[in-house]
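Chain by chain, the residues:
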Amino acid sequence: DTAVSQTPKYLVTQMGNDKSIKCEQNLGHDTMYWYKQDSKKFLKIMFSYNNKELIINETVPNRFSPKSPDKAHLNLHINSLELGDSAVYFCASSQLGVRQPQHFGDGTRLSIL
Amino acid sequence: TQLLEQSPQFLSIQEGENLTVYCNSSSVFSSLQWYRQEPGEGPVLLVTVVTGGEVKKLKRLTFQFGDARKDSSLHITAAQPGDTGLYLCAGAVDSGGGADGLTFGKGTHLIIQP
Numbered sequence: 001d002t003a004v005s006q007t008p009k010y011l012v013t014q015m016g017n018d019k020s021i022k023c024e025q026n027l028g029h030d031t032m033y034w035y036k037q038d039s040k041k042f043l044k045i046m047f048s049y050n051n052k053e054l055i056i057n058e059t060v061p062n063r064f065s066p067k068s069p070d071k072a073h074l075n076l077h078i079n080s081l082e083l084g085d086s087a088v089y090f091c092a093s094s095q096l097g098v099r100q101p102q103h104f105g106d107g108t109r110l111s112i113l
Numbered sequence: 001t002q003l004l005e006q007s008p009q010f011l012s013i014q015e016g017e018n019l020t021v022y023c024n025s026s027s028v029f030s031s032l033q034w035y036r037q038e039p040g041e042g043p044v045l046l047v048t049v050v051t052g053g054e055v056k057k058l059k060r061l062t063f064q065f066g067d068a069r070k071d072s073s074l075h076i077t078a079a080q081p082g083d084t085g086l087y088l089c090a091g092a093v094d095s096g097g098g099a100d101g102l103t104f105g106k107g108t109h110l111i112i113q114p
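Same order as they appear, the protein sequences are chains A and B.
The numbering of the first sequence is our numbering, which starts it at 1 and goes up by one.
The numbering of the second sequence is our numbering, which starts it at 1 and goes up by one.
Just so you know, these hints were derived from the structure itself, not from any lab.
Keep in mind that a hint or two might mislead.
[Unchecked claim] Okay, derived cross-link-like pairs now, EDC-like style, lysine to aspartate or glutamate, Cα gap no bigger than 16 Å in a straight line:
id	chain 1	residue 1	chain 2	residue 2
1	A	K41	B	E41
2	A	K40	A	D85
3	A	K9	B	E41
4	A	K40	B	E38
5	B	K106	A	D38
6	B	K56	B	D71
7	A	K36	A	D106
8	A	K36	B	E41
9	A	K52	A	D30
10	A	K41	B	E5
[What the hints assert, rightly or not] Partner residues are not named here, just some residues of chain B that face chain A (Cβ under 10 Å, in silico):
id	residue
11	V44
12	L86
13	G98
Virtual Cβ for every residue (Gly too), placed ideally from N, Cα, C.
The whole structure should be built from the sequences, with the hints applied where relevant.
See below:
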């Protein structure tokens, strides 16, 4: 059973389009995250949610809008895609607490043409 | 903003050699985690250290958290080709919410040649 699953795995689209990435976890965790990994493999936190509520928004452009319909899901919608949005986006989940291990999905590779 | 300086960025050594990866910061972290990432997959946790001076061992891997909780190291003894991968250190700071997310280093690309 996949613990943290993201769809789609690959997303190729034109500049200016709107797209969504979905994430689901079956670990029973309360906390979920979105990270962006650039071409140099640097991972940076974008958002964190706890129990469906936004906790962290790390100066991400408001074209990015996360939405958590329930504790097991955290989706990411991106409006007006730009070339600089090309990256791998990772969803993760954990129990609440800074010492808790985070469980990552396999990533969504977003390519903007 | 917390920063984690990870070094070296790239390391290619022969099978059987030892190596150390360093992760340094001017900030104090509540915990320091080490992850390993394979191509096309997400990072997978190797270890979490939370106490200053703590040392944890995972087979041939030894992890240490600095006394001041600002730095950490990963030492691999007698490296094997199966150790090849991207190693990431990540620090967590407790702002009270418990859901701050991790601050990652830039990673160490490790290649162990047979």
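Okay, the hints, checked on the actual structure:
Among the hinted pairs, K41/A with E41/B is consistent with the structure: their alpha-carbon atoms are about 12 Å apart, no more than 16 Å. Between K40/A and D85/A the CA atoms are separated by roughly 14 Å; this keeps the pair inside 16 Å, and the hint holds. A threshold of 16 Å between alpha carbons decides the hint, and for K9/A with E41/B the separation of about 10 Å falls inside it, so the pair holds. For the hint pairing K40/A with E38/B, the CA-to-CA distance comes to about 14 Å; that is within 16 Å, so the pair holds.
A hinted pair counts as satisfied when its Cα atoms are at most 16 Å apart, and K106/B with D38/A qualifies at roughly 10 Å. For the hint pairing K56/B with D71/B, the CA-to-CA distance comes to about 14 Å; that is within 16 Å, so the pair holds. For a cut-off of 16 Å, the pair hint linking K36/A to D106/A stands: about 12 Å separates their Cα positions. Under the criterion of a C-alpha separation no larger than 16 Å, the hint pairing K36/A with E41/B is consistent with the structure, at around 14 Å.
Simply put, K52/A and D30/A have alpha-carbon atoms about 8 Å apart, close enough for the 16 Å limit, and the pair holds. Proposed proximity of K41/A and E5/B is supported: the alpha carbons are some 14 Å apart, at most 16 Å. Interface restraint check: V44/B against chain A, minimum CB-CB distance 7 Å, threshold 10 Å, status holds. Checking L86/B against chain A by beta carbon gives a least distance of about 6 Å; that is within 10 Å, so the hint holds.
At about 4 Å, the closest approach between the beta carbon of G98/B and any beta carbon in chain A falls short of 10 Å, and the interface hint on this residue holds.
Going down the numbered hints, you'll see the structure goes against none, and every one checks out.
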